[in-house]
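Peer 1: Residues per chain are reported as follows:
2 protein chains.
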Amino acid sequence: MIDPVVLKGFRDSLPGQEIPKKRLISKLEEIFSLYGFSPIDTPALEYTSVLLGKGGGETDKQIFHFQDNGGREVALRFDLTVPFARFVASHAGEISRPFKRYHISKVWRGENPQKGRYREFYQCDFDIVGVDNAYSDAEILSTMAFCFDTIFQGDSSRYMFHLSHRGLFNEFLDSLCVRDRSVEILRTVDKLRKIGRDEVARLLSQETGSAEKAEGILSFISVVEKEDFLATLARLEGLIGHETASSKRMKDIHTLLVQEGIADRFMLDPSITRGLDYYTGIVYETFLTALPSIGSVCSGGRYDNLASLYTKEDLPGVGSSIGLDRLIAALEDLGLPILGSRGSADLLIVSEDKAGSYEEDVKVASTLRSRGVRCDIYPFDVKKMKAVYDYCDRNGIPLVLIHNWKGERILKDTRSKESVVLEASEVAGAVEDRLS
Amino acid sequence: MIDPVVLKGFRDSLPGQEIPKKRLISKLEEIFSLYGFSPIDTPALEYTSVLLGKGGGETDKQIFHFQDNGGREVALRFDLTVPFARFVASHAGEISRPFKRYHISKVWRGENPQKGRYREFYQCDFDIVGVDNAYSDAEILSTMAFCFDTIFQGDSSRYMFHLSHRGLFNEFLDSLCVRDRSVEILRTVDKLRKIGRDEVARLLSQETGSAEKAEGILSFISVVEKEDFLATLARLEGLIGHETASSKRMKDIHTLLVQEGIADRFMLDPSITRGLDYYTGIVYETFLTALPSIGSVCSGGRYDNLASLYTKEDLPGVGSSIGLDRLIAALEDLGLPILGSRGSADLLIVSEDKAGSYEEDVKVASTLRSRGVRCDIYPFDVKKMKAVYDYCDRNGIPLVLIHNWKGERILKDTRSKESVVLEASEVAGAVEDRLS
Numbered sequence: 001m002i003d004p005v006v007l008k009g010f011r012d013s014l015p016g017q018e019i020p021k022k023r024l025i026s027k028l029e030e031i032f033s034l035y036g037f038s039p040i041d042t043p044a045l046e047y048t049s050v051l052l053g054k055g056g057g058e059t060d061k062q063i064f065h066f067q068d069n070g071g072r073e074v075a076l077r078f079d080l081t082v083p084f085a086r087f088v089a090s091h092a093g094e095i096s097r098p099f100k101r102y103h104i105s106k107v108w109r110g111e112n113p114q115k116g117r118y119r120e121f122y123q124c125d126f127d128i129v130g131v132d133n134a135y136s137d138a139e140i141l142s143t144m145a146f147c148f149d150t151i152f153q154g155d156s157s158r159y160m161f162h163l164s165h166r167g168l169f170n171e172f173l174d175s176l177c178v179r180d181r182s183v184e185i186l187r188t189v190d191k192l193r194k195i196g197r198d199e200v201a202r203l204l205s206q207e208t209g210s211a212e213k214a215e216g217i218l219s220f221i222s223v224v225e226k227e228d229f230l231a232t233l234a235r236l237e238g239l240i241g242h243e244t245a246s247s248k249r250m251k252d253i254h255t256l257l258v259q260e261g262i263a264d265r266f267m268l269d270p271s272i273t274r275g276l277d278y279y280t281g282i283v284y285e286t287f288l289t290a291l292p293s294i295g296s297v298c299s300g301g302r303y304d305n306l307a308s309l310y311t312k313e314d315l316p317g318v319g320s321s322i323g324l325d326r327l328i329a330a331l332e333d334l335g336l337p338i339l340g341s342r343g344s345a346d347l348l349i350v351s352e353d354k355a356g357s358y359e360e361d362v363k364v365a366s367t368l369r370s371r372g373v374r375c376d377i378y379p380f381d382v383k384k385m386k387a388v389y390d391y392c393d394r395n396g397i398p399l400v401l402i403h404n405w406k407g408e409r410i411l412k413d414t415r416s417k418e419s420v421v422l423e424a425s426e427v428a429g430a431v432e433d434r435l436s
Numbered sequence: 001m002i003d004p005v006v007l008k009g010f011r012d013s014l015p016g017q018e019i020p021k022k023r024l025i026s027k028l029e030e031i032f033s034l035y036g037f038s039p040i041d042t043p044a045l046e047y048t049s050v051l052l053g054k055g056g057g058e059t060d061k062q063i064f065h066f067q068d069n070g071g072r073e074v075a076l077r078f079d080l081t082v083p084f085a086r087f088v089a090s091h092a093g094e095i096s097r098p099f100k101r102y103h104i105s106k107v108w109r110g111e112n113p114q115k116g117r118y119r120e121f122y123q124c125d126f127d128i129v130g131v132d133n134a135y136s137d138a139e140i141l142s143t144m145a146f147c148f149d150t151i152f153q154g155d156s157s158r159y160m161f162h163l164s165h166r167g168l169f170n171e172f173l174d175s176l177c178v179r180d181r182s183v184e185i186l187r188t189v190d191k192l193r194k195i196g197r198d199e200v201a202r203l204l205s206q207e208t209g210s211a212e213k214a215e216g217i218l219s220f221i222s223v224v225e226k227e228d229f230l231a232t233l234a235r236l237e238g239l240i241g242h243e244t245a246s247s248k249r250m251k252d253i254h255t256l257l258v259q260e261g262i263a264d265r266f267m268l269d270p271s272i273t274r275g276l277d278y279y280t281g282i283v284y285e286t287f288l289t290a291l292p293s294i295g296s297v298c299s300g301g302r303y304d305n306l307a308s309l310y311t312k313e314d315l316p317g318v319g320s321s322i323g324l325d326r327l328i329a330a331l332e333d334l335g336l337p338i339l340g341s342r343g344s345a346d347l348l349i350v351s352e353d354k355a356g357s358y359e360e361d362v363k364v365a366s367t368l369r370s371r372g373v374r375c376d377i378y379p380f381d382v383k384k385m386k387a388v389y390d391y392c393d394r395n396g397i398p399l400v401l402i403h404n405w406k407g408e409r410i411l412k413d414t415r416s417k418e419s420v421v422l423e424a425s426e427v428a429g430a431v432e433d434r435l436s
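Chains as they are written, first to last, in our numbering: chain A, 1 to 436; chain B, 1 to 436.
These are computed hints drawn from the structure, not numbers from a lab.
Be a bit skeptical, because a hint or two may be false.
One copy or two, it doesn't matter: identical chains are merged, so the pair holds either way.
List time: in silico BS3-like cross-link candidates among lysine-lysine, alpha-carbon distance up to 27 Å [said to hold, decoys possible]:
#1 406 with 27
#2 248 with 383
#3 213 with 248
#4 363 with 383
#5 27 with 251
#6 8 with 106
#7 8 with 54
#8 61 with 106
#9 363 with 251
#10 312 with 386
#11 27 with 363
#12 213 with 27
#13 106 with 27
#14 213 with 106
#15 226 with 191
#16 213 with 226
#17 312 with 8
#18 312 with 54
#19 61 with 8
#20 363 with 248
#21 383 with 251
#22 27 with 8
#23 106 with 22
#24 21 with 106
#25 384 with 213
Modelling step: build the complete structure from the supplied sequences, incorporating the hints.
Peer 2: Written as structure tokens, this is what we have:
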């Protein structure tokens with residue numbers, strides 16, 4: 001007998017987890033396609049050299065890599081960004097400019113598993129590449145707003161997009177003459193929520209060589225004129241000393257968000273810098289009002305050059321990534337109905353004598369299925385109802401239609417325990433009423 | 001510069017491939033859930049010992065396996081059946097009996113790539129385990145019929161399910177006293193379509209030690225009373241010598257298919273045996289009327305014991321697997337509309353002066369999106385239309401709404417080349433008319 005265990009850091013997804021996850025993914029896919037994003041897919045396995053590029057980072061240690069039977073060095077993808085960069089270089093002649101894609105798929109990292117971190121997990125990325133202007137920035141932001149409005153059923157007070165611009169921050173570092181240390185400073189600032197203000201101040205003092213400059217940076221990233229985007233922007237311009245290309249871009253984006261009627265979902269928050277060197281334009285994170293502690297559930301930004309490792313073509317772009325696992329955990333905590341029922345079916349049809357009632361039962365099922373009702377038929381003659389209720393309980397099925405040996409049809413709601421006796425012609429309508 | 005190549009036998013999926021694939025998968029998922037099947041997922045990577053079981057077969061050479069950073073022997077799954085067997089053993093206490101699951105996901109095999117065969121491909125499996133009776137056999141068949149009726153938009157003349165029963169074949173081998181060679185004989189018979197009658201006759205003569213018995217087997221599997229299930233069954237019973245448990249089960253299943261009104265989609269074809277030792281009850285393959293040469297697009301059968309490698313619990317079941325890649329290729333050949341448009345959007349909105357028209361354009365897009373129309377907004381001011389038509393062509397977008405500097409709105413159909421000038425209030429309706 002082989003022990004049926006999964007690897008450390010990996011997990012099965014049972015129906016109770018998989019049903020809501022699929023529902024959320026399919027909702028997001030629908031929204032991406034309403035905005036003209038196309039799905040793509042790339043192989044799970046690629047040449048290690050293609051995935052690691054210059055390499056040398058943290059990623060190298062975490063990647064699952066090996067030599068295949070043909071002696072090639074291969075690895076499982078650890079994110080969807082690197083394969084996307086490789087993809088646009090591979091298919092340069094086949095794709096349009098701009099190119100708008102989404103990709104929702106699994107990635108693998110050999111990190112040490114801890115609460116909420118797994119070695120196999122989903123990423124959900126969407127990007128617009130081949131264009132650098134305020135319209136495409138606004139379109140990514142609009143897509144995010146549509147996703148979150150849908151998830152929260154129009155209640156935009158449930159979340160807030162925190163938006164900033166990497167250029168603003170860099171221009172401020174210029175004004176302090178510490179731009180050459182920007183990589184370290186960015187990484188430090190990015191840890192603010194994790195390690196706190198005092199520790200950040202200590203590190204920044206080291207990095208800038210001046211407690212005063214460290215305080216300057218901390219006050220810059222703390223500028224938030226409550227709910228007033230333009231006032232915040234004006235104060236940041238004041239600290240930098242003048243209007244800049246970045247502050248101009250932020251004004252243009254804000255105008256577009258106002259015209260679209262979604263500006264209230266965005267606050268200008270200069271503490272958002274995103275740690276990665278990669279970003280060059282707008283950067284953003286998304287926090288849930290009721291669950292700030294779980295961190296950002298949707299993040300991203302604008303970059304100058306997606307695929308410089310693989311092609312000489314300049315490919316500026318802007319993209320966003322939804323933290324699916326984190327978002328699902330949050331929605332479950334909040335009990336929001338977007339994830340729908342976890343049940344495998346809406347109705348279970350059972351018979352005391354299957355041979356006698358099969359024909360009618362499959363007709364009822366067929367009618368209901370054509371109206372979108374998920375019907376399961378219990379495959380045994382039923383003598384005792386306990387097994388049936390256990391089955392419903394395990395599978396989250398709310399309604400049972402019992403066809404007894406007298407030929408009666410009884411519809412039972414397992415939630416309210418109410419029963420009603422029905423004529424054959426009344427069954428479909430009664431089931432639909434109970435479900436709505 | 002790194003060469004952006006993918007591994008031999010692997011491939012990217014571009015939007016033109018990924019959009020129809022996703023549409024088909026989502027249609028199938030919807031049908032599975034209408035029948036009360038639940039989705040599950042399992043890790044891509046598992047212990048090699050768990051996946052290979054007793055091992056020693058062809059699979060061992062084809063599997064992608066390696067030692068992970070923790071020194072574990074791990075492998076990428078090569079099918080969805082073995083992980084499912086492991087899954088039901090791992091979660092015996094958490095799942096119901098019967099348990100109905102579907103699983104659509106990628107698997108990996110290091111086979112030598114050839115036309116239509118890749119090292120990474122999809123499998124689409126659905127099974128009912130924990131029950132062995134005619135009702136659950138009929139339910140798998142009914143689910144298949146619903147899938148194919150949907151795919152072929154109600155035209156059931158487009159496909160035929162070829163159904164048989166492993167027991168019938170074994171009982172006939174009993175009557176010839178060659179049951180002890182059944183494994184080899186099954187494998188030979190399974191090659192009939194590939195290697196032809198003569199070669200099968202030669203091999204069977206070797207295996208049974210008798211040219212007469214070989215001919216007997218060949219005539220048994222050739223019994224097909226055109227379109228009459230019960231007449232074929234009666235002749236097979238005649239050759240076996242009497243009614244058997246298997247022929248009785250086939251009659252019961254046929255009665256259920258008749259009651260459900262779907263019996264015409266199934267022919268009894270004793271040449272269907274499925275090579276694998278694994279099957280013990282009904283077995284089936286599915287052929288497309290217009291494309292018989294592509295082989296079966298949906299196959300499976302009943303098995304006695306799903307998870308005997310991992311648990312002592314008896315888990316009989318019945319399952320089916322749709323050959324997604326093959327089916328998609330066939331549907332494309334046949335030009336069937338189930339796969340829908342390959343386009344990334346239904347409408348592209350362009351402006352000669354984006355700054356002047358943005359507010360109206362996003363309003364139009366927002367109205368249309370709320371009605372399910374996929375709208376893309378071109379992110380540049382448009383001076384020459386050539387770039388726009390190239391973009392539509394690349395992305396398969398049929399309609400363009402042009403907002404010119406005079407404030408006029410022109411709707412152009414890139415298929416018919418027709419244009420019409422519209423008032424703002426007419427745009428949404430005109431777009432919907434053109435799309436329907």
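Peer 1: Against this structure, judge whether each hint is valid.
Peer 2: Evaluated hints:
1. 406 with 27: Answer is neither: 44 Å inside a copy and 38 Å across each miss the 27 Å cutoff.
2. 248 with 383: For residue 248 and residue 383, the Cα distance is within 27 Å only across copies (24 Å; inside one copy 75 Å).
3. 213 with 248: Within one copy only: 25 Å inside a chain, 88 Å across chains, cut-off 27 Å.
4. 363 with 383: The answer is within: 23 Å in one copy meets 27 Å, while 60 Å across copies does not.
5. 27 with 251: neither (31 Å within a copy, 44 Å between copies)
6. 8 with 106: both (17 Å within a copy, 21 Å between copies)
7. 8 with 54: Result: close only across copies, 23 Å inter versus 29 Å intra.
8. 61 with 106: Intra 19 Å, inter 25 Å, cutoff 27 Å: intra and inter.
9. 363 with 251: between (61 Å within a copy, 21 Å between copies)
10. 312 with 386: between (68 Å within a copy, 25 Å between copies)
11. 27 with 363: Result: close only across copies, 22 Å inter versus 31 Å intra.
12. 213 with 27: neither (46 Å within a copy, 59 Å between copies)
13. 106 with 27: both (18 Å within a copy, 22 Å between copies)
14. 213 with 106: Classified as neither; 42 Å inside a copy, 53 Å across copies.
15. 226 with 191: Cα proximity of residue 226 and residue 191: one copy only (22 Å, versus 74 Å across).
16. 213 with 226: Only inside one copy: residue 213 and residue 226 sit 25 Å apart there, 89 Å across copies, limit 27 Å.
17. 312 with 8: between (41 Å within a copy, 25 Å between copies)
18. 312 with 54: Within one copy, since 16 Å is at most 27 Å while 51 Å is not.
19. 61 with 8: Answer is both; intra-copy 17 Å and inter-copy 25 Å each pass.
20. 363 with 248: So residue 363 and residue 248 pass the 27 Å test across copies only (24 Å; inside, 65 Å).
21. 383 with 251: between (71 Å within a copy, 25 Å between copies)
22. 27 with 8: Cα proximity of residue 27 and residue 8: none, with 31 Å in one copy and 34 Å across.
23. 106 with 22: Both, since 13 Å and 16 Å are each at most 27 Å.
24. 21 with 106: both (13 Å within a copy, 18 Å between copies)
25. 384 with 213: neither (77 Å within a copy, 50 Å between copies)
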